[in-house]
Amino acid sequence: MTSMVGAAVVRKEDPNLLTGRGTYVDNLQLPGMLHMAFVRSVEAHARVRAIDGTAAGAIPGVLGVFTARDLPELPPIPTAVPGLERPSLARDRVRFVGEPVAVVVAEDRYLAADAVARVAVDYDPLPPVPDLETALAEGAPLLFPEHGSNVYTEVPPAGDAEAELAAAPRRARLRLVNQRCAPAPMEPFGVVADWGPKGLTVWASCQSAHFVRGQLSQLLAVPYRGIRVIAPDVGGGFGAKQSWYPEYVVAALLSRRLGRPIKAVETRSENLVAMTHGRAQVQDVEVGFDDSGRILALRVMVTQDAGAYPGDAVGLPMLTMVMSAGCYRIPTVVTGYRAVATTTTPVAAYRGAGRPEAAYLIERVVDLVSDETGVDPIEVRRRNFLPADAFPHTTHLGFAYDSGDYDKALRRLLEMIDYEGLRREQAARREDPERPLMGIGFSTFVELGGVGPSAMMEGLGMLGGWESARARVNPDGTVTLAVGTSPHGQGHETAFAQIAADVLSLPLDRIEVVHGDTDVVQEGIGTFGSRSIAVGGEAVRRASLRAREKATRVAAHLLEAAPEDVELRDGRFFVRGSPDRGLGWEEVANKAYRPTQLGDLEPGIEVTAFYEPSLTTCPSGAHCCVVGVDRETGRVTVERYVGVDDCGVVINPLMARGQVMGGVAQGIAQALYEQVSYSESGQPLASTLAEYLVPSAAEMPRFELDHVETPTPVNPLGAKGLGESGATAAPQAVVNAVIDALSHLGVRDLQMPLTPERVWRAMQTATGGAV
Amino acid sequence: MKIALTVNGRHQELEVEPRLLLVHLLRERLGLTGTNVGCDTTSCGACTVLLDGQSVKSCTVLAVQADGAEVTTIEGLSGPGGGLHPLQAAFQRHHALQCGYCTPGMVMAAVSLLAEHPHPTEEEVRRGLEGNLCRCTGYQGIVDAVLEVARSGGGVEP
Amino acid sequence: MTPAPFEYARPRTVEEAVSLLVRHGEEAKLLAGGHSLLPLMKLRVATPSVLVDIGRLVDLRYVRDAGDHIAIGALARHHDLETSPLLEREAPLVRYAAGFVGDPQVRHRGTIGGSLAHADPAADLPAVIVALEATMVVYGPRGERLIPARDFFRSAFEPALAPDEVLVEVRVPRAGGRRWAFQKFNRRSIDWAIVGVAVVEADGGAKVALVNMGPTPLRAVETEAALRGGAGPAEAAALADRGTEPPSDLNASAEYRRHLARVLVRRALERIRR
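Chains as they are written, first to last, in the numbering used here: chain A, 5 to 775; chain B, 217 to 374; chain C, 11 to 284.
Simulated from the structure, these hints should not be mistaken for laboratory data. Positions of the beta carbon are idealized from the N, C-alpha and C atoms, including for glycine. It is possible that some hints are incorrect.
Stated by the list, open to error - Selected chain B positions facing chain C (Cβ under 7 Å, derived; list incomplete):
id: 1; residue: T257
id: 2; residue: Q281
id: 3; residue: H301
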C-alpha cells in the first residue's frame, strides 16, 4: 500500500460542496424559526439616551424589539481586561459604529430589516477617538473613564538597548504601519439557536464547536450536558470566527424566551464592521548594524490599535514581540508594546495573528539595512540567518524555535528564479522610459504553528492547547475518526484520513472523519494558529495507533499467536513468516465485537487520544515577488510570485499548496489593495465589498511554489503546520519589491496599501515632481 | 404577485412579494440552498446562477424579473445520473475550493464563461471570473480547472 | 441586503410605462436591468414606492443600422453591445467600453439605457456617448424628444430626464473607421473608473471625454482645441484637466485624478496617432 501521507489526493469534502450540498448555517431551516437582526450604532462614541422600538414592533410579522433593559439576564462579552465590560447589547454607551444597541425578531429577514430601519435611537454624541493619535494625545477622550487612560495594557521592554544601538557602527529607524484589515471570509458570521425543553442547540459558523459550548456554558450558567454546539460547513474563518460575538447569547436567550429557533446571520455590510478586524499595528523600530549588514541590535515598540473593547488584540502583540527577530541571530533584541483603545471595531486574530506583523517588520528592517549598506538583500539575509545547527533556538523572550534551515529554502528559491537575470532586466527597464520599472522583493520568514503548549494557551483564554482524536473501528472494518479540530476549508476530512490510513493500513474510503459537534465528538480545542495537522494530526496518529494495537491483539488471539508476532500490512493481519495465514480488517473488526470469540479480551475497538504538544512549531520559507511599477501612474503589477515553504513533513501537497496560495493572496491584497479606515468622526469608510477591495482572479498572479522539508522534532509526524504561512510571507515581499523598483530614485520606505496614488506621490517626492 | 419559472428543469409557480430577491426565492422558497449570499453590493458573485443560459447575480435580480425564465442553479448542473459535471470534476482535481462557499457561484460563472468563450486564454479566464471573489484559494486552482475543461472540451453546455 | 417594500407594475408598452410615471411622479422609478437601481435599494439608500418594470419591453432591445447612425435600443444589455458585430464595425468604442462595465454577470443584465439614465459620474458609457456626440431619444407624455449627449447629463445622478420620461434609444453617429481609444483606470477590474478617457478621431483632431472628473462626463475642451491648433498628444494632454472638478474620495485625491487625466489622455491620443 502506497503511503497516504505525502500523497496529493483530492479531497473527500469536495463532491458535497461542488454540488451545492454544503450545510452552512444560513441553509438551516427549522420549523417555527424566526429571524433576528441587530440595530447597530451609527455613532462611533455616544451615550444612548433612548431607544424607541414602538414603530418597529408594530410591523406585522415582527415579534419584538429588545434592548439590554429587556434582557437583564444577558451576559457580557468576555474581555481581556478585568473591570472593562463589553455588553452584548449596549446599555447606555456605544463605542464603535456597528455596535449592537437593540435586537429585533421577525418572521423573516425582510421584516427584520424593516423593523431595524424603524427603531429610533437617540444618541448623545461623545468625542470620537478614531485613531491611535487621538487616543494617545494629552487630554484624549476616554473610552473607559474608569480605566484612566486609553491604554488597555502595556508591556514595557526589558531595557532599551540604547547602549548597543549607540555602539553599533550604523543606526537607522523605521516607522511601519501594518494597516487594519478585514478578514472578510466569504461566509459572514451567523448562528441558529434553538433553546427548548431538551436544552440549547446552537449551530454556529465558528472555528471551534467545543470552545463555543464552553463559553455558552459559562456565560449562560448552563451545564455542558445542556448545550450542544454544531459547526456545520463553515465558509472561511481566518481567525476572526474564533472571536466571541453577541449573536451567541442574544439568539440563545431570545430562543428560550420566545420558545422558537432563532437565526441570526449578518449581512456583508454588518460583517465588515462587526467581525473583528486584524493587524492594526504601528511599529517604531530602531536597528543597529555594521557595514557588512550584520544586525547587532533591534528595538521594537509596537502600538496595537485594539479597538473599542479589549479583546484578543490586547495579547496578540506578544506574538509579534516573540517573533520580532525573524530568521535572524541578533545579539540584542528588546521589544515592548501597548494596546490602545479607539472607537473602532475590536481587533483580534487574523490569519497569522501577530506573526505577519513581526515578519513584516523584520523583513523591512533587513531591506533597509541592505539599502543603507549597499549589501545585496540576499546577502544581508544570509549574513544574519540563524544557521541550521542553531536549533532549538531561544529568542530574546525565552521562546523556542523548534527547527529550521532558512538557507535551504532560500537556495531552492534562488534556483527557481534567475536572480542575476532579474537584476539585469531591472537595470535594462530602468534605462528604458517606455517600460515600467521593475522591482524584486524578498521575504524570508519564520512563523508559529502547532499552537501550542497548554501553558501558553491557557494564557490566551483556552481550555488548553492539546487536541483530541477518537478512533472507532466499526464492526464492518471501516473506521470513524472523531477529531476535536474544526475546519473551515482546510480539508481535515481528507488530511486526517491520510494520516490514519497509513497507520491502519486502510484505504482512504474506509476512513470517515467527523468533527464540529459537541454531542458526537469528545472535548476538543479547535482550528486556529496552524495547529490542526501538527497537534490534531498527532492526536489522530496516536488514536489510530492505539486502535491498531487493540486490533492486533484481537487478530493475535484469533491467529493464536502473540501480539508481537502479528504484522499488519496491506490491510491484513498475519503472523510474521506466514503471510498466507492472515485476516482482513473486516474479519478482525467484526470479531472484535464478539466476546464469544475473544477469550479474555475486552470487546470493541474504540480509543481516544489527547495529545499535548511540548512546543509550538516554526514553519518558515523564502518568497520572492517581482513587480512592475507604471512610471506615470504608480500602478503596481505583480509580475511574478515565487515561494518556497518549509512546513516540515507535508501531509497533502495539493492542499498544502492551496493553503500557501490562499495566504499569499491575502498578503498581496494587504500590500496592494485592502485598507479599513475611519473618518475623523469614527465612521467606517470601506464597509462594503465595493469599497473594501478584496481582489479577484484578475488581480492575482500565478504562483510558482515549491517546498523543502525540515521536520519538526516536536511531533512524530514531523509536521509544522502551514495555514498562516502565506499571509505571513507575502506583504513584505511585495512592499520590498516596490521599494526596490523605486530605490534608484532614493525611495526607502512606503506604507501599505501601495495604492497607485501612494506610489506616485513617493516618486514625485523623490524626484521633486520630475515624474 | 404570481410568477411562474422553470428552475433546474422543473416548472414552479409561486406567489411572491415584488421585493423578494431571486436568490432568496431559490434558497428559501425552493430549498435550493446551494447558491450562497456573500455580500450586499453585487460584488462577490457567490449567488451566481444561470438565467436563460447566462450568468447573473441572483441577489440583484428580483424574483418577479425572473418570471417566465429558465433558471439553472448549481443543483441543476450535474447530469441525470447525478455525476459530476466536467467543471465540478476539474475543480476537485485542481483543488479549486477550500471552504466551498464561493464555489457554486464560481462554477456557474465558469459555465457561462466557457459557453461564451470556449477557448479562453488564462487572462480571459481571470477577467471572465472577475465578478466572483474567493478568499481561500488564491484563484490558481480555479483558473487551472477552467483552462483544463476548455482544453479538453472546448466548451460546455450551459 | 433587502429592499424596503414597494409596489410593482409591469407595463406592456412604453406608453403604459409613461402613464405610470405620470401617475406616481417622484415616487416611481423605472426598472430595466436593475443593476444601477437594485444595489441602491438593497442598501435602502433608494426607497421608491413604485417600481415600473420595463425590462420586458423587448422592442427596446436592439442594435440596428439606421442609415446615418447606429440605433441602440435603451434596453440593449451591455453584453449585447459587447458582442455586436455592427458596433464592432461602426462604433467600436461603444462595443469596447461596454466590456468594461462591472463584470460578466452585471453585463448580462445591465442595460445601456439604465446606465445612462442613472448618470453615475464614474460610469463608462456616459463619457463614451459624449465623445461620440450621440443623441438620446426620450419618450414622455408630450411625445418624443431628442437630447444631444452633451446636454443629457445635468449633474451627478441627474439626467436631463423629467420624472415622467423614458429613455428609449441612443443614436450613435457612424464612426466609419475613425480611430478611437478607451482608457479606464481602476483598482480592481470590476471597480468603477477612478478616471477614464474616451477618445475618437475627429476632423482636425479628436474628441476627448473624461470619466469621473466631475459630476458629469466632461469634454476636455482645451485639449481638443490644442489638437485642432496642431499640438501633439503630450502638449494637448497637458491641458486635459482644465475645467474639470475631480472628486477626492477613498480611491484618489483630486490632484491625483488630474494627473491621471493628463496621462491617460496622452496615452489615448498616442494610440490613435499610431
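Contradicted hints - numbers only: 3
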